[in-house]
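Participant: Sequence:
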Amino acid sequence: ISESYALKLQHHTKIIKVKEGADATLPCSLGPKEDLQLTWFVWEKTDDGQKVFLCYKGDLYSDGRPGQSEQFKDRVSHFPDELKQGNASIIIRNTTRADSGDYRCSFPFTQKPQEFYIKLDVVVGIELHSFRNLTNRPRSKLAPLINI
Numbered sequence: 001i002s003e004s005y006a007l008k009l010q011h012h013t014k015i016i017k018v019k020e021g022a023d024a025t026l027p028c029s030l031g032p033k034e035d036l037q038l039t040w041f042v043w044e045k046t047d048d049g050q051k052v053f054l055c056y057k058g059d060l061y062s063d064g065r066p067g068q069s070e071q072f073k074d075r076v077s078h079f080p081d082e083l084k085q086g087n088a089s090i091i092i093r094n095t096t097r098a099d100s101g102d103y104r105c106s107f108p109f110t111q112k113p114q115e116f117y118i119k120l121d122v123v124v125g126i127e128l129h130s131f132r133n134l135t136n137r138p139r140s141k142l143a144p145l146i147n148i
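Heads up, the sequence shown is in UniProt numbering, so the first residue is 1 and it goes up one at a time.
Hints may be right or wrong, so weigh each one.
Stated by the list, open to error - Simulated crosslink set (DSS-like; lysine-lysine; CA at most 27 Å straight-line):
1) Lys57 x Lys33
2) Lys51 x Lys112
3) Lys51 x Lys14
4) Lys17 x Lys57
5) Lys14 x Lys112
6) Lys84 x Lys112
7) Lys51 x Lys73
8) Lys73 x Lys57
9) Lys33 x Lys112
10) Lys33 x Lys19
11) Lys84 x Lys51
12) Lys57 x Lys19
13) Lys14 x Lys73
14) Lys73 x Lys19
15) Lys14 x Lys119
16) Lys112 x Lys19
17) Lys17 x Lys119
18) Lys51 x Lys17
19) Lys17 x Lys73
20) Lys57 x Lys84
21) Lys119 x Lys51
22) Lys119 x Lys84
23) Lys33 x Lys73
24) Lys84 x Lys33
25) Lys14 x Lys84
26) Lys33 x Lys14
Honestly, the hints are just simulated from the structure, not real lab data.
The model shown is predicted, which means the values in this text are computed figures rather than measured ones.
With these hints in hand, go ahead and build the complete structure from the sequences.
Facilitator: Take a look at the structure:
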């Protein structure tokens, strides 16, 4: 097994669930000791290969760099003041069901190239509400909701 293949098998995916139309923050950080101002990081939607966000030494897709997928134009931003602390998180504004899927944040040119994986689940309001009600209920109240 190659080292890169083994690393891909061991990755952990964080799940983010948001209501359709809300903003979604996708977390990604190398830690407070990593200054990202002079490196680059890339966000991709891996299930369909779309380019979501790129930051290359401060240049962004939104600054006219080519390559960002149309679906994400003018809807994705980052936290520029937090690059010094290693924060490469992004915000996708006004999410749609089409934004649901698997995302990868990668740092291809750091000393140890790293990747982080996020699954975004954009749901209609009632789905998110039902999910929260089930998970916030005490165990004793998780009986079937329909009695016959």
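Participant: Now tell me, hint by hint, if it's right for this structure.
Facilitator: Hint check results:
no.	hint	result
1	Lys57 x Lys33	holds, 17 Å
2	Lys51 x Lys112	holds, 22 Å
3	Lys51 x Lys14	holds, 19 Å
4	Lys17 x Lys57	violated, 30 Å
5	Lys14 x Lys112	holds, 21 Å
6	Lys84 x Lys112	holds, 18 Å
7	Lys51 x Lys73	holds, 10 Å
8	Lys73 x Lys57	holds, 20 Å
9	Lys33 x Lys112	holds, 14 Å
10	Lys33 x Lys19	violated, 33 Å
11	Lys84 x Lys51	holds, 24 Å
12	Lys57 x Lys19	violated, 33 Å
13	Lys14 x Lys73	holds, 24 Å
14	Lys73 x Lys19	holds, 20 Å
15	Lys14 x Lys119	holds, 6 Å
16	Lys112 x Lys19	violated, 35 Å
17	Lys17 x Lys119	holds, 8 Å
18	Lys51 x Lys17	holds, 21 Å
19	Lys17 x Lys73	holds, 21 Å
20	Lys57 x Lys84	holds, 12 Å
21	Lys119 x Lys51	holds, 15 Å
22	Lys119 x Lys84	holds, 26 Å
23	Lys33 x Lys73	violated, 31 Å
24	Lys84 x Lys33	holds, 8 Å
25	Lys14 x Lys84	holds, 23 Å
26	Lys33 x Lys14	holds, 22 Å
In the structure shown, a violation is registered for the earlier hints numbered 4, 10, 12, 16 and 23, in ascending order.
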